[in-house]
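Visitor: With the sequences and hints as input, model every part of the structure.
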Amino acid sequence: MLNFAPIMVTDQATYNRKKFRNQILIFIIKLAVYLTVMYVNLTQHKWFETHALAARISNALSIFLGANLLISIGWIVMISWYLRKNRMQRLTRDNFVLGLNRISSVLNTIVALISLMVLFDVNPVNMFVSVSIAAAAFALLSKDYVTNMINGLIIMFSDQLSLGDQIRVGEFRGKVLDITLINVVLQNDDDDIVLIPNSVIFSTMVLNQSKQNIKKLTIEFELDLKHQSSPDELEKELKTVLRPFATNITENSFSLKILEIKKDLVHYKVQFLIPRPDKETERKMRRLLINTILSFSGREVNAQEDGL
Numbered sequence: 003m004l005n006f007a008p009i010m011v012t013d014q015a016t017y018n019r020k021k022f023r024n025q026i027l028i029f030i031i032k033l034a035v036y037l038t039v040m041y042v043n044l045t046q047h048k049w050f051e052t053h054a055l056a057a058r059i060s061n062a063l064s065i066f067l068g069a070n071l072l073i074s075i076g077w078i079v080m081i082s083w084y085l086r087k088n089r090m091q092r093l094t095r096d097n098f099v100l101g102l103n104r105i106s107s108v109l110n111t112i113v114a115l116i117s118l119m120v121l122f123d124v125n126p127v128n129m130f131v132s133v134s135i136a137a138a139a140f141a142l143l144s145k146d147y148v149t150n151m152i153n154g155l156i157i158m159f160s161d162q163l164s165l166g167d168q169i170r171v172g173e174f175r176g177k178v179l180d181i182t183l184i185n186v187v188l189q190n191d192d193d194d195i196v197l198i199p200n201s202v203i204f205s206t207m208v209l210n211q212s213k214q215n216i217k218k219l220t221i222e223f224e225l226d227l228k229h230q231s232s233p234d235e236l237e238k239e240l241k242t243v244l245r246p247f248a249t250n251i252t253e254n255s256f257s258l259k260i261l262e263i264k265k266d267l268v269h270y271k272v273q274f275l276i277p278r279p280d281k282e283t284e285r286k287m288r289r290l291l292i293n294t295i296l297s298f299s300g301r302e303v304n305a306q307e308d309g310l
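Count along the sequence shown from 1, then add 2; that gives the number in this note's numbering.
Simulated from the structure, these hints should not be mistaken for lab results. Careful: at least some of the hints might be erroneous.
Unchecked claim - When the alpha-carbon atoms are kept at most 30 Å apart in a straight line, the in silico DSSO-like pairs for lysine-lysine are as follows:
#, residue 1, residue 2
1, Lys217, Lys281
2, Lys218, Lys281
3, Lys271, Lys241
4, Lys271, Lys259
5, Lys32, Lys48
6, Lys177, Lys218
7, Lys259, Lys241
8, Lys259, Lys177
9, Lys228, Lys217
10, Lys238, Lys217
11, Lys177, Lys145
12, Lys265, Lys228
13, Lys241, Lys264
14, Lys218, Lys238
15, Lys241, Lys286
16, Lys265, Lys238
17, Lys218, Lys259
18, Lys228, Lys259
19, Lys271, Lys281
20, Lys264, Lys238
21, Lys87, Lys218
22, Lys241, Lys281
23, Lys259, Lys281
24, Lys241, Lys218
25, Lys177, Lys281
26, Lys238, Lys259
27, Lys228, Lys264
28, Lys271, Lys218
29, Lys281, Lys238
30, Lys217, Lys259
31, Lys238, Lys271
32, Lys218, Lys264
Guide: Spelled out as structure tokens, the structure:
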């Protein structure tokens, strides 16, 4: 069996280094443009007095680039402090970094809006005062959106949920791929992408299986009362088919429970713990159990035919 994990890690590390170098290059370019604009502002002051549009463009660029550089420097300082605090050798994509990126994006958006106001000769203070009533009404209408943003930031800077965690929210279960200001992005067992609003995460019970360093595999099924095997025999057979995966199952964690006895059916639940969650292995075990359970019904039909 081929193992591509080292290659994938190397490719990811190479990608991270290239991305970091590109960010440094962009930072240097922005710094050079900012210094050039500031130099022109200082040396061509009289010329700008007779060219209002050029002056507004220059001022807007100065505000945007200056604030953007300050935000970038603040981001670098915070990331450096975080790496030293956690004794990390390289930057990884975790909740803290994700939260800083979201905050940087919000601040850059605000600065961009202010720069546009300066470009179109709109006084930002007067603008905010004049639209304060409309802004209050808009805040009431967008209450859920604001709540989602606040909840998203809380999730990002907490250790309750992390990228890569296996969680269950209500009827949805999957791996956390991303945490945005609006929702949490999950990838379920069918590789479908599920978007769960942050407000739902806060108002619903969330089961984080990754924090337990284990994962439960659970299958519920029903068998006809006419089935010849007892629960003990059924449990023994299910354990037998899982022997090839013995190293992937926590010892003494396998259990077969009777949830309900109906008029014609018995409702069972089989459950065991997986110490090292592996999606492909879990899928194979689940399929093997389902095939075995389905074979019980086939045996039951054959037994009835033999009785005839």
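Visitor: So, against the hints stated earlier in the document, which numbers end up violated here?
Guide: 9 and 21
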